[in-house]
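Protein chains: 6
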Amino acid sequence: MNATFDVLRKVTTATITTMLLKKGIRRCWMNGPKPLVFGGERIVGPAFTLRFVPAREDLATPESWAKPVSTRGAIEEMPEGCIAVADAMGVVSAGIFGDILTMRMKRRGVAALVTDGVVRDRVGVLASGLPVWSAGIAAPASVNGLTFVGWGEPIGCGGVAVFPGDVIVADEDGAVVIPQNLVEFAAHEGAQHELFESFIVSEVERGVKLPGLYPANEDTKARYETWKKNRR
Amino acid sequence: MNATFDVLRKVTTATITTMLLKKGIRRCWMNGPKPLVFGGERIVGPAFTLRFVPAREDLATPESWAKPVSTRGAIEEMPEGCIAVADAMGVVSAGIFGDILTMRMKRRGVAALVTDGVVRDRVGVLASGLPVWSAGIAAPASVNGLTFVGWGEPIGCGGVAVFPGDVIVADEDGAVVIPQNLVEFAAHEGAQHELFESFIVSEVERGVKLPGLYPANEDTKARYETWKKNRR
Amino acid sequence: MNATFDVLRKVTTATITTMLLKKGIRRCWMNGPKPLVFGGERIVGPAFTLRFVPAREDLATPESWAKPVSTRGAIEEMPEGCIAVADAMGVVSAGIFGDILTMRMKRRGVAALVTDGVVRDRVGVLASGLPVWSAGIAAPASVNGLTFVGWGEPIGCGGVAVFPGDVIVADEDGAVVIPQNLVEFAAHEGAQHELFESFIVSEVERGVKLPGLYPANEDTKARYETWKKNRR
Amino acid sequence: MNATFDVLRKVTTATITTMLLKKGIRRCWMNGPKPLVFGGERIVGPAFTLRFVPAREDLATPESWAKPVSTRGAIEEMPEGCIAVADAMGVVSAGIFGDILTMRMKRRGVAALVTDGVVRDRVGVLASGLPVWSAGIAAPASVNGLTFVGWGEPIGCGGVAVFPGDVIVADEDGAVVIPQNLVEFAAHEGAQHELFESFIVSEVERGVKLPGLYPANEDTKARYETWKKNRR
Amino acid sequence: MNATFDVLRKVTTATITTMLLKKGIRRCWMNGPKPLVFGGERIVGPAFTLRFVPAREDLATPESWAKPVSTRGAIEEMPEGCIAVADAMGVVSAGIFGDILTMRMKRRGVAALVTDGVVRDRVGVLASGLPVWSAGIAAPASVNGLTFVGWGEPIGCGGVAVFPGDVIVADEDGAVVIPQNLVEFAAHEGAQHELFESFIVSEVERGVKLPGLYPANEDTKARYETWKKNRR
Amino acid sequence: MNATFDVLRKVTTATITTMLLKKGIRRCWMNGPKPLVFGGERIVGPAFTLRFVPAREDLATPESWAKPVSTRGAIEEMPEGCIAVADAMGVVSAGIFGDILTMRMKRRGVAALVTDGVVRDRVGVLASGLPVWSAGIAAPASVNGLTFVGWGEPIGCGGVAVFPGDVIVADEDGAVVIPQNLVEFAAHEGAQHELFESFIVSEVERGVKLPGLYPANEDTKARYETWKKNRR
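Chains as they are written, first to last, in my numbering: chain E, 120 to 351; chain P, 120 to 351; chain X, 120 to 351; chain W, 120 to 351; chain V, 120 to 351; chain L, 120 to 351.
These are computed hints drawn from the structure, not numbers from a lab. Careful, some of the hints might be misleading.
Copies of the same chain are indistinguishable here, so a pair counts whether it falls within one copy or spans any two.
Unchecked claim - Mimicking SDA-like on lysine to any residue, the simulated pairs with C-alpha atoms at most 25 Å apart in a straight line are:
1) 141 - 301
2) 129 - 248
3) 186 - 328
4) 186 - 269
5) 347 - 128
6) 142 - 300
Full structure from sequences and hints, please.
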């Protein structure tokens, strides 16, 4: 999988969505998670899912943080290199994690946190160095609006289904999920597509019109083959 | 529990929310489920939870209906007298159940269906006789927008947490969840409150002003004690 | 004012919005309040405003109902014939009033309740006989989501400004506010417009095409004058 | 086409969405249009599209109603039996049509009006007898929030694309669009499906469990073939 | 027009909205489009409109990009100096354009892209140098949620109507549309207003109180006249 | 109060929400106001409330800016060090204040502006130096969507109640309100909590696992006591 991940790290999330559309999958991009700051690297990793339900005052309390089924417990189960994906039901008024938890995740080698909810302690989370894609920031803790109920389950996040073992790719355009059985396809077909788009960019740079170029007609395809040979 | 349920059947959901507020619980009424038609009876029963995540084109297909983890499988597990509560994430463009499934639920003795999503086949669902609280109606099947992932789990529904074993009460004001350990309290304190409100109604009918009456001051409380004795 | 109100009772809210548009006013129809049941009469009356802010757990408690600034206190100040207009900020998860309060309002001669929030105790509110325009129904009490802060103030309701003394008209198309200084205009110009539309309806019934008819060209206007004379 | 329409009149919109899903089409049900009143018949007809853009105060005036490109002009172009489908961009605070226009549409033989916006003059529109599917009711006229720009164009309505010549079916579950080239398929395959569901209903009535029944396994399919023979 | 555009480049969108309000126009600022990055220049140009409707799986495919009515075809029709304004119905889960298309637009001399939808390939779009005002960023291509249907038509964008030939001004406060016949007025009255506000700023800097200053009373107006003379 | 404010300036809004939760208060963080730019200091001050209702065309005009009850009048009443909190009902299409008003506020020593609405003249507002937390930016003036009705009243802002005299704290995580009688508690308990979190951070840095650490078990508490002694 590592070699495939290396390939995927060079494929944009935009290209991945186009590859998945070829397989009939339109619902793969999460509507909500955005990078906390721009300028970071593209992150690739297997999904480690987290699930929240709404808060109920008798359950969602600071005391609940010490229970076995807690965000703390979940973090200690995260394998190195995974991307934690949290279903916060799009709630934007309670931060699922703050600086201490993201510090610990970074320490454990977690690759990134992706959520359709929000984080808290913006300054501290940035300082922790953990790349975060979220729907924003809020001051209150998760218990203010959410109850944590488990990890490793199928979840929804930003309007798409995420299953444990699916692969997540996240960059400045947001986060996409690749179904486990399409990872190889998305990586290799995606890499080909990136190469093709490099050619198209060079064509646009020299002033070629779009119709016939992109999508490519036979003539463009022929020029692409020549271009590929010449660049070797 | 049956005796308690008999008491609860005479307590409005409005009163139940007020009783739970006394215990610090504000998040117990589901925002979304409404009765499909008005005029039915109040329904009380233990929650049987169902959980959906968003559709993904490779998973949410008519073929998936034959899988072991399917809405069909779930229905056959529902105990008599339960209220099925379905977390549809508030999706209103895909009906979680249609007439055939509600017919089967009715046949199995399910007391009601409550969801923050919608149902399809309005005419047939009404004909099935199963009381339904939903966020409306849509023509498409669940697979058009949702993937069913399991039953008997903690869920969110209409912005509140529902755990298996919690008790649901639903009437014209919608549906509320009572945490398992507060069911006795809500029933008996609620019944007292209903009696008190009957007295208040009779006072308003004879023209008494609200301040001092509701909430009751000492004088009102005394009149209430007298009223209670006299009605025996 | 009573004579003007009698005229307004025969002018639809649809027509009133068209009359106000002639004066440059587009924001007069409240987006949110709908009749609790269809089939009632058109209601006209001066606005008695009520204002809520969001709940805060230390303020919005059942105990607060006994404070001088309470919904109970406000109701006892409502003059006969007024329409209570409540700014609930569009909150649909906490009922501003239930059956006891609407019973008392009816008893005091309040003409109607209009709100961009919701009511609770649907069955009891209907039984009280008070006409209600709301954004729906919820079981929880106001304190579950709202804090009452006063009456007789300028408010927003359903996206429009309402000032004490403005006139409210409500029918099956919802509720509109008429600025105090435009009430006479809206009533009398509106009544003329209703008469004109009766003529148009009769023309459509006999198969006249719309262009030239509505809006009316010179020929149509002439026919209208004849029609008016003949009906006397 | 008339024979096909007769078939479609017996196929529910729920079934049509399932048939279109077999062809990979998930986006065919309009999220927004609901019947103004329940209890009417299923309506089938070719789409006659209408398009609105937002109001601009210099354009959206009562005077604009007399322009050649006006809702009035559009109505006079509607062929008998068509279903007018209006893209109101989901605006719910300005009624696209009122009683006079729906009267004229009815008079011209228009089969129904479907919109993701709202209508005004609820009482009058119902009296006109034109079946209406809308997102509700508002008092203000279209010019209060919308500018009419044309008919016979591709439009969006309730989140789906509608092209002139597509076929619309509307019933209590809402309105669906069938792409022109799939109308025969949807009608005939849909009618088969309705027959099959009649059999399933009879099976559920006699207590058959869902797994293996719906979706049908080989045994169920065999019983269905027998059932079909016997009912002839 | 070029001279007028030069004037407009020094008038803020904030001032333009105030000028248009003097003419009764409130709906001119697009709610949605924001600059992709802050710090760019104010852009002025005539609107070149683009229109999308929702995706339907049989129409919105990568193959559709090669059709004559395609975004590619539209781009080749854009005149130098125009501002492309795309009605994406506020859809934020499918990017209408990515880097290749914005590169080509830049190459053709298009001044800017404004949309109530989103773009994809953030890094590449920024590299193309085309100024973009959008409602954000998404990875999926337009066909994932949208079908392109034409250019040069009246559209809605961000809640306002835009007609071909209207003038667009965009800066850090967003994008406004000026109706064609008010462009001269907005430019010259706006420039006067900017000068007046420079005076007001200098007055605030020296500690003058707001009442009487802004809006200006007679005394302030006199001081302004003196200030204007002195600065010449 | 000044000493308490100095303490609060070192307590994050995240910590304050946790302290208030200990007192049963969950609704204290405003959903909407975000810093106009990141990187500024935490601001603390007593709330000076401002209230808007929706615009009505006869009231919300540039002329209204000269009335005694105007935003201008309100600004001149703001005491030094206060934080202006404006209830704009979440309206994001009309800027409540622009550069001239924020300049004047800065000049008067106002500490910050917090609103669930938006500001206009982004460049000028930033130049004024007044720290602003808002829901974004828009070009139109307040009168385009709002009518100012008063100051010093209870308001709602971002879903929470704010009373004059409450204390506001705002930082990169947004703005929170502290009820007047809990200010001392929040400050001093909050400062203790910040110290404790510094210890936890150092523990996470040296690789301690979360369970038992945060929340702290007896062993962690003991280590904390030692850590506190050693740092003196």
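Index of numbered hints that the structure contradicts, given in increasing order: none
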